[in-house]
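Engineer: Here's the letter readout for the chains.
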Amino acid sequence: MLSAHRTLRGAAALAAVLALGFAAAKAAPPAAQVTIDNFSFSPMTVTIPVGGEVTWTNGDDIPHTVRAVDGSFRSKALDSGDAYTATFAKPGVYAYFCSIHPKMVGKVIVKAQ
Amino acid sequence: MSDHDHTGQNRRGLLKCMAWAGTGLAWTVAGGVPAAFGLEAAAASRAIRPFSFVQVSDSHVGFAKPANPDAAATFKEAVAKIAALPEKPAFIIHTGDVSQLSKDTEFDTADQIIKEAGLPVFHIPGEHDMLDEGNGKAFLDRYGKGSKGAGWFSFDHGGVHFVALVNVANLKAGGLGSLGPDQLAWLKADLAARSSSTPLVIFAHIPLWTLYEPWGWGTDDAAQALSFTRRFGSVTVLNGHIHQIQQKVEGHVSFHTARSTAFPQPAPGTAPTPGPMTVPAGQLRSVLGVREVKLVTRIGPLAVIDEPLAS
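Keeping their order, the protein sequence lines are chains A and B. Residue numbers for the first sequence follow the working numbering, beginning at 1 and rising by one. Residue numbers for the second sequence follow the working numbering, beginning at 114 and rising by one.
Treat the hints loosely; a few may be bogus.
Distance condition first, Cα-Cα at most 27 Å in a straight line; then the derived DSS-like pairs of lysine-lysine [claimed, not checked]:
hint	chain 1	residue 1	chain 2	residue 2
1	A	Lys103	B	Lys361
2	B	Lys216	A	Lys76
3	A	Lys103	B	Lys228
4	B	Lys285	B	Lys228
5	B	Lys261	B	Lys285
6	B	Lys361	B	Lys301
7	B	Lys361	A	Lys76
8	B	Lys250	B	Lys261
9	B	Lys216	B	Lys250
10	B	Lys285	A	Lys90
11	B	Lys216	B	Lys228
12	B	Lys201	A	Lys103
13	A	Lys76	B	Lys250
14	B	Lys285	B	Lys216
15	B	Lys250	B	Lys201
16	B	Lys201	A	Lys107
17	A	Lys103	B	Lys250
18	B	Lys178	A	Lys103
19	B	Lys178	A	Lys76
20	B	Lys216	A	Lys111
21	A	Lys76	B	Lys261
22	A	Lys76	B	Lys285
23	B	Lys301	B	Lys250
24	A	Lys107	A	Lys76
25	B	Lys361	B	Lys407
Residues from chain A that face chain B, not an exhaustive set, calculated with beta carbons under 7 Å [said to hold, decoys possible]:
hint	residue
26	Asp61
27	Val69
28	Ala77
29	Ser99
30	Lys103
Distance ranges between label pairs, derived from CB positions [claimed, not checked]:
hint	chain 1	residue 1	chain 2	residue 2	range
31	B	Gln225	A	Ala89	42 to 48 Å
32	A	Thr55	B	Glu200	51 to 57 Å
33	A	Gly59	B	Lys301	40 to 46 Å
The hints are simulated quantities; they were obtained by calculation from the structure and are not laboratory data. Just so you know, even glycine gets a beta-carbon here, dropped at the ideal spot from N, CA and C.
Model the full structure from these sequences, guided by the hints.
Structural biologist: So, in structure tokens, the structure goes:
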């Protein structure tokens with residue numbers, strides 16, 4: 001654990017480097033993957049911590065979209081192979097669907113830290 | 114699938130119209146639906162003059178996958194077939210999914226192709242035509258002149274009243290197609306002005322009856338729309354979206370979905386998903402097609418003739 005009392009330059013530099021190291025490790029947000037295939041979102045429900053992101057990848061041979069019911073996120077039309085990532089800054093339950101095939105539904109649960 | 118109530122009307126006269134096609138007009142609908150489906154028109158209304166029009170649907174220009182590596186090419190063949198009809202149709206209606214991804218290049222190509230028929234064209238959007246940044250604005254800018262809301266309108270031709278509806282805007286999660294209160298209010302007022310003996314032709318992309326709910330093949334508020342047609346003697350509903358011919362008769366209303374010019378889809382519930390269905394090479398054109406609708410005043414009914422690109 002870094003000591004807050006060190007004032008020597010070398011130690012400060014080391015502390016800075018270590019601090020950067022910790023920051024870099026924290027910067028990569030938790031990520032969940034959703035596959036779009038056979039007219040469905042898989043898994044249909046994902047749970048991530050606040051600040052996390054979800055990436056949807058369309059593996060179907062037909063375009064799909066990802067659209068939040070509350071309008072808080074939406075992708076453009078995703079053709080086969082296209083992907084879309086949304087980041088979730090607030091906790092909550094986000095229902096979404098495909099605006100082209102509205103029977104396709106899914107949910108992102110965002111948990112507070 | 115489709116149920117069917119022949120009112121005892123003689124359709125022999127209509128079969129004469131099919132002779133021009135040269136082939137046996139292979140309709141692949143199971144369940145005994147005949148090739149020429151006559152529809153009741155108003156009883157001897159002088160205002161109704163004979164004419165025909167064509168319905169094309171689901172061209173999906175831009176689609177290039179195993180089910181059809183070149184949707185533009187098969188659309189071109191379909192339009193060539195229309196251009197070659199011995200009796201010139203009055204116009205073409207495109208019941209939506211003109212494009213695959215609402216790209217300008219796709220709409221441009223579709224327009225260039227359909228221009229080859231040399232006929233006026235009326236377009237309504239499918240859900241694939243609503244994918245631009247403006248959620249359908251690109252379609253409206255191109256085809257929506259004179260229309261209201263998301264692109265609905267009506268017009269008259271030869272004594273028949275045509276109504277174009279849009280049921281692919283503002284779709285709700287878990288829902289089916291949707292017309293919405295504004296369009297329904299407009300429709301009610303539009304029809305109120307017509308006499309009950311005026312034949313109605315109503316077209317919309319997603320079917321206006323529920324063929325298969327799990328696949329979204331239906332329209333949430335269609336019943337309300339159809340209630341406005343109750344007093345009319347002849348109502349024909351033409352839809353697309355499902356890339357196959359399905360038909361239903363309910364009293365004086367007959368419903369017909371159309372083939373796509375791009376690729377077929379499975380019959381309701383016969384596959385895990387409604388996605389594009391790949392058929393053996395060489396058979397593709399037999400499951401794609403265009404539809405000619407003829408009004409024959411002598412007997413009254415409209416002859417609906419579906420023609421595949423190849424038999």
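Engineer: Does each hint fit the structure? Answer for all of them.
Structural biologist: To see whether the hints hold, each was checked on the structure:
Simply put, Lys103 (chain A) and Lys361 (chain B) have alpha-carbon atoms about 24 Å apart, close enough for the 27 Å limit, and the pair holds. Restraint check: the Cα-Cα separation between Lys216 (chain B) and Lys76 (chain A) comes to about 12 Å, which is no more than 27 Å; the hinted pair holds. A distance of roughly 35 Å separates the Cα atoms of Lys103 (chain A) and Lys228 (chain B); the hinted pair therefore is violated under the 27 Å criterion. At roughly 35 Å between alpha-carbon atoms, Lys285 (chain B) and Lys228 (chain B) are farther apart than 27 Å, so this suggested pair is violated.
Simply put, Lys261 (chain B) and Lys285 (chain B) have alpha-carbon atoms about 21 Å apart, close enough for the 27 Å limit, and the pair holds. Only pairs whose Cα atoms come within 27 Å are accepted, and Lys361 (chain B) paired with Lys301 (chain B) is accepted, the gap being roughly 23 Å. Taken as a hint, the Lys361 (chain B) and Lys76 (chain A) pair is broken in the structure, with Cα atoms around 36 Å apart against an allowance of 27 Å. Our distance criterion of 27 Å between C-alpha atoms is met by Lys250 (chain B) and Lys261 (chain B), whose separation comes to about 12 Å.
Straight-line distance between C-alpha atoms of Lys216 (chain B) and Lys250 (chain B) comes to about 12 Å, which keeps the hinted pair within the 27 Å bound. Distance hint between Lys285 (chain B) and Lys90 (chain A) is fulfilled; the C-alpha atoms sit about 24 Å from each other, no more than 27 Å. A hinted pair counts as satisfied when its Cα atoms are at most 27 Å apart, and Lys216 (chain B) with Lys228 (chain B) qualifies at roughly 18 Å. Our distance criterion of 27 Å between C-alpha atoms is broken by Lys201 (chain B) and Lys103 (chain A), whose separation comes to about 41 Å.
Between Lys76 (chain A) and Lys250 (chain B) the alpha-carbon distance is near 14 Å, which keeps this suggested pair within the 27 Å criterion. Between Lys285 (chain B) and Lys216 (chain B) the CA atoms are separated by roughly 23 Å; this keeps the pair inside 27 Å, and the hint holds. For the hint pairing Lys250 (chain B) with Lys201 (chain B), the CA-to-CA distance comes to about 32 Å; that exceeds 27 Å, so the pair is violated. The suggested pairing of Lys201 (chain B) with Lys107 (chain A) is violated, with an alpha-carbon distance near 52 Å, which exceeds 27 Å.
For the hint linking Lys103 (chain A) to Lys250 (chain B), the alpha-carbon distance of about 24 Å falls within 27 Å, and the restraint holds. With a CA separation close to 23 Å, the supplied pair Lys178 (chain B) and Lys103 (chain A) stays within the 27 Å bound. Proposed proximity of Lys178 (chain B) and Lys76 (chain A) is supported: the alpha carbons are some 20 Å apart, at most 27 Å. Taking the CA atoms of Lys216 (chain B) and Lys111 (chain A), the gap is about 38 Å. The hint is violated against a cut of 27 Å.
Straight-line distance between C-alpha atoms of Lys76 (chain A) and Lys261 (chain B) comes to about 25 Å, which keeps the hinted pair within the 27 Å bound. Distance hint between Lys76 (chain A) and Lys285 (chain B) is fulfilled; the C-alpha atoms sit about 17 Å from each other, no more than 27 Å. Under the criterion of a C-alpha separation no larger than 27 Å, the hint pairing Lys301 (chain B) with Lys250 (chain B) is consistent with the structure, at around 25 Å. Simply put, Lys107 (chain A) and Lys76 (chain A) have alpha-carbon atoms about 18 Å apart, close enough for the 27 Å limit, and the pair holds.
For the proposed pair Lys361 (chain B) and Lys407 (chain B), the alpha carbon gap of about 18 Å is at most 27 Å, so the pair holds. With a least beta-carbon distance of about 5 Å to chain B, the hint placing Asp61 (chain A) at the interface is held under the 7 Å criterion. Satisfaction of the interface hint for Val69 (chain A) is found here, the shortest Cβ-Cβ separation to chain B being roughly 5 Å, below the 7 Å cut-off. For Ala77 (chain A), the interface hint holds, since its Cβ comes within 7 Å of a Cβ in chain B; the closest pair sits about 4 Å apart.
Proximity of Ser99 (chain A) to chain B holds as hinted, the smallest CB-CB distance being about 6 Å (cut-off 7 Å). Because the closest C-beta pair between Lys103 (chain A) and chain B is about 4 Å apart, less than 7 Å, the hint holds. Evaluation of the 42 to 48 Å hint for Gln225 (chain B) and Ala89 (chain A) yields a pass: the beta carbon distance comes to about 46 Å. Checked against the hint of 51 to 57 Å, the C-beta distance between Thr55 (chain A) and Glu200 (chain B) comes to roughly 55 Å, which is consistent with it.
Against the hinted window of 40 to 46 Å, the Cβ-Cβ separation of Gly59 (chain A) and Lys301 (chain B) comes to about 44 Å, which satisfies the hint.
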